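There are 2 protein chains.
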Amino acid sequence: MVIAKQLFVLGASMLATALTGGAGAQQADEQYVQVAEIEVYPVQLDAYRAAVQEQIDAAIRKEPGVLVLYAVSEKGDPTHVKVFEVYRDRSAYEAHLGSDHFKKYKTTVEKMVKSLKLIQLTPIMLGAQSK
Amino acid sequence: MVIAKQLFVLGASMLATALTGGAGAQQADEQYVQVAEIEVYPVQLDAYRAAVQEQIDAAIRKEPGVLVLYAVSEKGDPTHVKVFEVYRDRSAYEAHLGSDHFKKYKTTVEKMVKSLKLIQLTPIMLGAQSK
Numbered sequence: 001m002v003i004a005k006q007l008f009v010l011g012a013s014m015l016a017t018a019l020t021g022g023a024g025a026q027q028a029d030e031q032y033v034q035v036a037e038i039e040v041y042p043v044q045l046d047a048y049r050a051a052v053q054e055q056i057d058a059a060i061r062k063e064p065g066v067l068v069l070y071a072v073s074e075k076g077d078p079t080h081v082k083v084f085e086v087y088r089d090r091s092a093y094e095a096h097l098g099s100d101h102f103k104k105y106k107t108t109v110e111k112m113v114k115s116l117k118l119i120q121l122t123p124i125m126l127g128a129q130s131k
Numbered sequence: 001m002v003i004a005k006q007l008f009v010l011g012a013s014m015l016a017t018a019l020t021g022g023a024g025a026q027q028a029d030e031q032y033v034q035v036a037e038i039e040v041y042p043v044q045l046d047a048y049r050a051a052v053q054e055q056i057d058a059a060i061r062k063e064p065g066v067l068v069l070y071a072v073s074e075k076g077d078p079t080h081v082k083v084f085e086v087y088r089d090r091s092a093y094e095a096h097l098g099s100d101h102f103k104k105y106k107t108t109v110e111k112m113v114k115s116l117k118l119i120q121l122t123p124i125m126l127g128a129q130s131k
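Quick note, the sequences are listed as chains A and B, same order.
Each residue of the first sequence is one higher than the one before, starting from 1 at the first, in my numbering.
Each residue of the second sequence is one higher than the one before, starting from 1 at the first, in my numbering.
If you are wondering where the hints come from, they were derived from the structure by calculation, not from laboratory data.
As the structure is a computational prediction, the values presented were derived from the model and not from experiment.
It cannot be assumed that every hint is accurate.
Note: identical chains are not told apart, hence a pair may lie in one copy or across any two.
Straight-line Cα separation of at most 27 Å, BS3-like style, residue types lysine-lysine; simulated pairs [as the list claims (entries may be wrong)]:
| hint | residue 1 | residue 2 |
| --- | --- | --- |
| 1 | LYS117 | LYS106 |
| 2 | LYS117 | LYS62 |
| 3 | LYS62 | LYS104 |
| 4 | LYS75 | LYS117 |
| 5 | LYS117 | LYS104 |
Only chain A is shown next, with the shape it has when bound in the complex:
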């Protein structure tokens, strides 16, 4: 994979503008950002990781409104998983919830997950190196 170093620093409004071509401030309000805090049963951890990887791969490939899905686990306790999620807007989030790959994921992990907490977030600044 060849990477052309290209800078992008995106505040919430810039990100919305950049990704939608729409008016900055209004679009920014419409972005849907959350973190899912998930506790996974220890014996299910490998299976859970595989399921979430498959789901993220499909969502990014098939849903242009799914902008970011970063799944991580705590180094000190890998059963504590977080998924940091950015959607173009609320309707992109709702479409994601209704997608086949998300429904498959939910069914697959139903018995693997001990607890799930969704925290809605407001972007302050989303900065990243671009490809």
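Using the hints, position chain B against chain A.
Positioned in the frame of chain A, the structure of chain B alone reads:
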């Protein structure tokens, strides 16, 4: 800003490979990922936001080893801020801590921050739409 829709779905090893051109698995182990959970005094919230925006803008522009800095606040309680951070490796993180813009940020926010907790993370999958 013109955005060419271009897909990238990056597992940890792919991300490391893509961004460094190095060997996948080994580089992935070296990535440094954490979330900073910060509680800000309510009256200082606007000033804190400005300081963290300035810091992120400088870090992404000046430090190619700083891959992602996503600052967000909880919608239900904006004094609860999280910064999701991905560095190329530990030395990129340490260089960031020693940078002028980070030291300025730390001094600026010293009296604004009630508590700070750093949680080291292991990437499971980092998926994002590319520009």
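Status of each hint after checking the structure:
no.: 1; hint: LYS117 x LYS106; in the structure: within (14 Å within a copy, 30 Å between copies)
no.: 2; hint: LYS117 x LYS62; in the structure: within (25 Å within a copy, 36 Å between copies)
no.: 3; hint: LYS62 x LYS104; in the structure: within (15 Å within a copy, 42 Å between copies)
no.: 4; hint: LYS75 x LYS117; in the structure: both (19 Å within a copy, 14 Å between copies)
no.: 5; hint: LYS117 x LYS104; in the structure: within (19 Å within a copy, 35 Å between copies)
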